[in-house]
Every structure is written in C-alpha cells, then in structure tokens.
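Visitor: One-letter residues, chain by chain:
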Amino acid sequence: AQSVTQPDIHITVSEGASLELRCNYSYGATPYLFWYVQSPGQGLQLLLKYFSGDTLVQGIKGFEAEFKRSQSSFNLRKPSVHWSDAAEYFCAVAGRNTDKLIFGTGTRLQVFP
Amino acid sequence: EAGVAQSPRYKIIEKRQSVAFWCNPISGHATLYWYQQILGQGPKLLIQFQNNGVVDDSQLPKDRFSAERLKGVDSTLKIQPAKLEDSAVYLCASSLGQGTAGNTIYFGEGSWLTVV
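Just so you know, the protein sequences line up as chains A and B, in that order. Oh and the first sequence: position 10 is 16 in the numbering used here, straight run, nothing missing. Oh and the second sequence: position 28 is 1062 in the numbering used here, straight run, nothing missing.
Hints in this document: simulated from the structure, not taken from any laboratory. Just so you know, these numbers come straight off a predicted model, no measurement behind them. Note that the Cβ used here is the ideal one computed from N, Cα and C, for glycine as well. There's no promise every hint is true.
[To be verified] Which chain B residues face chain A? A few, computed with CB under 8 Å, are given here:
id, residue
1, 1075
2, 1077
3, 1138
4, 1142
5, 1143
[Said to hold, decoys possible] Partial list, computed: chain A residues near chain B (C-beta under 7 Å):
id, residue
6, 7
7, 19
8, 22
9, 33
10, 52
11, 96
12, 106
13, 111
14, 112
15, 116
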C-alpha cells in the first residue's frame, strides 16, 4: 500500500540551528515527492518537489531536500532555522500516472529564540 | 494573482445538521480538489474534479457527503447529516491541469468545521 511516514511528530530547535525533517515513503515505483508547509490557520504552501534528475532539490525559503532511492527517503533540510519557520511540515507522494497526493501525518516544528 | 478562496472559514454545527462549504479556485485552473484534514493527520483527498467532471471520489463518504462543480469553476462541498467525526479542516485546492508532473497544486486556507 502507498504510504508516507514522518517519524517525528514534534521537533524543537533553536533559532540559527540546522534542521532535518525525516520522510520515508512506500510506493510501488519511484513517485513524485513533495514537501508542504502549513502555518497556523493557513493553507498548505509548496516548499519543493522532486520529479526526476538531480536528487538534491532546492526549494523556497532556503529549504532543500534529498531523494535517496535506496532508503526510500526524502528528508527536508535547512542549514539555519529562522523563528518564522515554526509551522507544520508535510511530506507527500504522488504516482506518475495519477494526480492524487498522499500525505504523511506531519511534523510540527517549534523554534526557540 | 488571487489564490484559492474558501468560505466560510469557521463553522460550528450540531450533529445531524447540514453544512456547505464553497470554493473558488484560481482563475483558469481546470482541476479542483477537496481534501479533509483531521486534527493530527495529513490531508486526505475526498474528491477531484477536472473541469466539471469527477475524476476521483473514491474516498468521499457518499452517504453523507456530496460535491459539485457547476460550470467548471466554483465548487460546493456539502455534508448532511454531519457526524462528530466530520470535525476537520476542509481544504480546497486547484491546479492548471491534471497530473502532478509540472502542475503545482495550490491550497486555500481551509474551512474549519466543528461538529458538537
């Protein structure tokens, strides 16, 4: 069955520290991969997406993610976190012949000054 | 460019009552989605429209949920009668065409439903 696992429900980091959010997927073939961010009371905003090619993907707001086929992972990283990055982050997958996004349960990021 | 508009933003109803949510997608976007996001979970697709036709409604509880997209633009999602477990955020989203490849899906701010 197709699924996305985000093992960390809640992560707390200090402002300026580096960040890595984990995402593992289960899919029959290489899917399309996405990271979305959701600020409190807001909709989802696309941070970045991987379709093919270079496995290191750059996104908005200084985020990047690396696709590792051997580990079925697509972890999100940021070298230096800002207080405004506090939000909920969702990893999602979609098949190459479908439009349907399957989301993980999300990771809530808290940033301390 | 205006984003995906949804209304109402917040709604509290009693169980067994009915509720309707409205969505206006980004102008020119052919594909419209309704997602349900229960607290502590990721969004789950309820229904997908391509223009005014249904592409996928496999996870829509059809005994109580209905959705339409007349004229291929605005859409309405209705719940009747509501149950306690329907308490969630209902997210509307849209994209230019069908298929996630090359098509970014844009989400609205959501309609928050509490059933008491």
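Visitor: The structure should be examined with respect to each hint, and the outcome stated for every one.
Guide: Hints versus structure:
1. 1075: Where the cut-off is 8 Å and the nearest Cβ of chain A is about 6 Å from residue 1075(B), the hint holds.
2. 1077: Cβ of residue 1077(B) sits 5 Å from chain A, so the hint holds.
3. 1138: holds, 6 Å
4. 1142: Where the cut-off is 8 Å and the nearest Cβ of chain A is about 5 Å from residue 1142(B), the hint holds.
5. 1143: holds, 5 Å
6. 7: violated, 14 Å
7. 19: This hint is violated: residue 19(A) lies away from chain B, its Cβ roughly 21 Å from the closest one there, beyond 7 Å.
8. 22: With Cβ-Cβ at 29 Å, over 7 Å, it is violated.
9. 33: Status violated, d = 13 Å.
10. 52: holds, 6 Å
11. 96: Hint on residue 96(A): holds, closest Cβ of chain B at ~5 Å, below 7 Å.
12. 106: This interface hint holds because 5 Å falls under the 7 Å limit.
13. 111: Cβ of residue 111(A) sits 5 Å from chain B, so the hint holds.
14. 112: Since the shortest Cβ distance to chain B is 6 Å, the answer is holds.
15. 116: Hint on residue 116(A): violated, closest Cβ of chain B at ~16 Å, above 7 Å.
In summary, the numbered hints that this structure violates are 6, 7, 8, 9 and 15.
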